[in-house]
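There are 2 protein chains.
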Amino acid sequence: MASSRTWTAALLVIGDEILSGRTQDRNIAQTAAWLNVQGIRLAEVRVVADVQATIVEAVNALRARNDYLFTTGGIGPTHDDITVDAIAAAHGVPVVIHPTARAMLERHYATRGGVTEARLRMARVPDGADLIENAMSGAPGIRLGNVFILAGVPHIAALMLDALTGTLEGGLPVVSRTIGCWVPESEIADMLGATERAHEGAQIGSYPFFREGRVGANFVVRSTDVAVVDACVADLVRQLEAMGHAVVADGI
Amino acid sequence: MASSRTWTAALLVIGDEILSGRTQDRNIAQTAAWLNVQGIRLAEVRVVADVQATIVEAVNALRARNDYLFTTGGIGPTHDDITVDAIAAAHGVPVVIHPTARAMLERHYATRGGVTEARLRMARVPDGADLIENAMSGAPGIRLGNVFILAGVPHIAALMLDALTGTLEGGLPVVSRTIGCWVPESEIADMLGATERAHEGAQIGSYPFFREGRVGANFVVRSTDVAVVDACVADLVRQLEAMGHAVVADGI
Chain A
1 MASSRTWTAA
11 LLVIGDEILS
21 GRTQDRNIAQ
31 TAAWLNVQGI
41 RLAEVRVVAD
51 VQATIVEAVN
61 ALRARNDYLF
71 TTGGIGPTHD
81 DITVDAIAAA
91 HGVPVVIHPT
101 ARAMLERHYA
111 TRGGVTEARL
121 RMARVPDGAD
131 LIENAMSGAP
141 GIRLGNVFIL
151 AGVPHIAALM
161 LDALTGTLEG
171 GLPVVSRTIG
181 CWVPESEIAD
191 MLGATERAHE
201 GAQIGSYPFF
211 REGRVGANFV
221 VRSTDVAVVD
231 ACVADLVRQL
241 EAMGHAVVAD
251 GI
Chain B
1 MASSRTWTAA
11 LLVIGDEILS
21 GRTQDRNIAQ
31 TAAWLNVQGI
41 RLAEVRVVAD
51 VQATIVEAVN
61 ALRARNDYLF
71 TTGGIGPTHD
81 DITVDAIAAA
91 HGVPVVIHPT
101 ARAMLERHYA
111 TRGGVTEARL
121 RMARVPDGAD
131 LIENAMSGAP
141 GIRLGNVFIL
151 AGVPHIAALM
161 LDALTGTLEG
171 GLPVVSRTIG
181 CWVPESEIAD
191 MLGATERAHE
201 GAQIGSYPFF
211 REGRVGANFV
221 VRSTDVAVVD
231 ACVADLVRQL
241 EAMGHAVVAD
251 GI
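Protein sequences, first through last, are from chains A and B. Counted from 1, the first sequence has number 66 at position 66 by my numbering; the numbering is strictly sequential. Counted from 1, the second sequence has number 126 at position 126 by my numbering; the numbering is strictly sequential.
Just so you know, these hints were derived from the structure itself, not from any lab. Just to be clear, a hint being listed does not mean it is correct.
Unchecked claim - Across the chosen pairs, the derived CB separations fall in these ranges:
1. A:227 to B:133: 43 to 49 angstroms
2. A:94 to B:165: 46 to 52 angstroms
3. B:108 to A:252: 43 to 49 angstroms
4. B:37 to A:166: 54 to 60 angstroms
5. A:241 to B:49: 28 to 34 angstroms
6. B:190 to A:252: 52 to 58 angstroms
7. A:166 to B:243: 40 to 46 angstroms
8. B:54 to A:5: 15 to 21 angstroms
The C-beta atom is built at its ideal place from N, Cα and C for all residues, glycine as well.
The following block holds chain A by itself, in its conformation from the complex:
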């Protein structure tokens, strides 16, 4: 059985394209969902620009206070790809060419004009780092201590996460159940708070919405103990129905 201590991770999204609004981030939700399955809680996220000092500050703050730090973005071959340099600087180590990554590039470019200096940039890693190889892409991610450096393109980041599945120590995964109700949040706010307090270890999130001209809310109950989730959901359903509200299983 997994340990009951809570393991946490931070995510650092690196890229001007997110901050400019040009690109809709997909890595936060994707990484969060993957971490849940590993029994690791995503505790905080930062999005920063392609500026070395900013990345260094964020990397050192986040890796110190979480079990793991994931970064996405900035590992391509162009001038705006400075993640490897920044993470090396944050750790006080030089950037080196990783021999396995160089060999992968040499194989890939053998019939495509060979490895140029620009292409060789993709084999650069902080000294002491390991590669996160993956089945589908020639471009590996990079691991340095508790820092995992992933691609910015979401489907490549997903391949790198797949390669890490089951390799990181985590705790009990969080279990959640959702129910929905066509009720204004403010009518049941006190009941929700009292119900959460009555079920130790349960957390109730309330997510209101407006649809088809009516207000409603989904309630998400989370805990690392499935019995606590079930008891809390049953209690919520009983109280909502006693107040005359129909409850929709699995949410609206």
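For this one, chain A is given, so just place chain B on it according to the hints.
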């Protein structure tokens, strides 16, 4: 003519639902795009959990080093909505009932059972705050100094941003143009870097992709000076075409 100093904003996204992966964030891209039009650059984003100490720390770090701070989420009536309390605590002021917000609630609930204690929670603001009223929603946002407290539901946050349009001091808006090319990034990496250095005030972002079995990249040129953008784009196009690559205007 607007000032040429750079105005910056930070965004603090508050909510367990983003960190759990349950909800795909839409407020980062929406706020970023709106800020661009106001001549304000989104400099950094943090996503934090519904935990008061965490919110307080982030609010104080972000509001100190940016001209503006926007927050989204946590302003509803339920027990997990702690944004107002946290931002009041960050400023060292008490939470009070805003008279205008109370009057709005009394009007709204006059024929719906009156204002209960739970409903009155939605009129709570940090002492000294103003409301961000908006045309379409009865729920106002809140402004306290340089901190703007918005709803978490993206279309309500958008109404609050609309209400603020044109009211914040900003600088020159950033202008951008995008071109696309079916070329591997690594082939033109050196050229991109040299071109950026040759056009002072221009920034070139390179965003690779894999589509239809081929690799390509879009190049986004940004500057506050449209003439600099145009000159830099023309230079890029000339060099890409000289290398034998067709350029797609407005990106691929």
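Tested hints:
1. A:227 to B:133: 43 to 49 angstroms: Distance hint for residue 227 of chain A, residue 133 of chain B holds at roughly 46 angstroms.
2. A:94 to B:165: 46 to 52 angstroms: Between residue 94 of chain A and residue 165 of chain B, where Cβ atoms are some 48 angstroms apart, the hint holds.
3. B:108 to A:252: 43 to 49 angstroms: Since residue 108 of chain B and residue 252 of chain A have Cβ atoms about 23 angstroms apart, the given range 43 to 49 angstroms is violated.
4. B:37 to A:166: 54 to 60 angstroms: Between residue 37 of chain B and residue 166 of chain A, where Cβ atoms are some 46 angstroms apart, the hint is violated.
5. A:241 to B:49: 28 to 34 angstroms: Since residue 241 of chain A and residue 49 of chain B have Cβ atoms about 31 angstroms apart, the given range 28 to 34 angstroms holds.
6. B:190 to A:252: 52 to 58 angstroms: The hint (52 to 58 angstroms, Cβ to Cβ) holds, given that residue 190 of chain B and residue 252 of chain A are roughly 54 angstroms apart.
7. A:166 to B:243: 40 to 46 angstroms: 44 angstroms, holds
8. B:54 to A:5: 15 to 21 angstroms: 19 angstroms, holds
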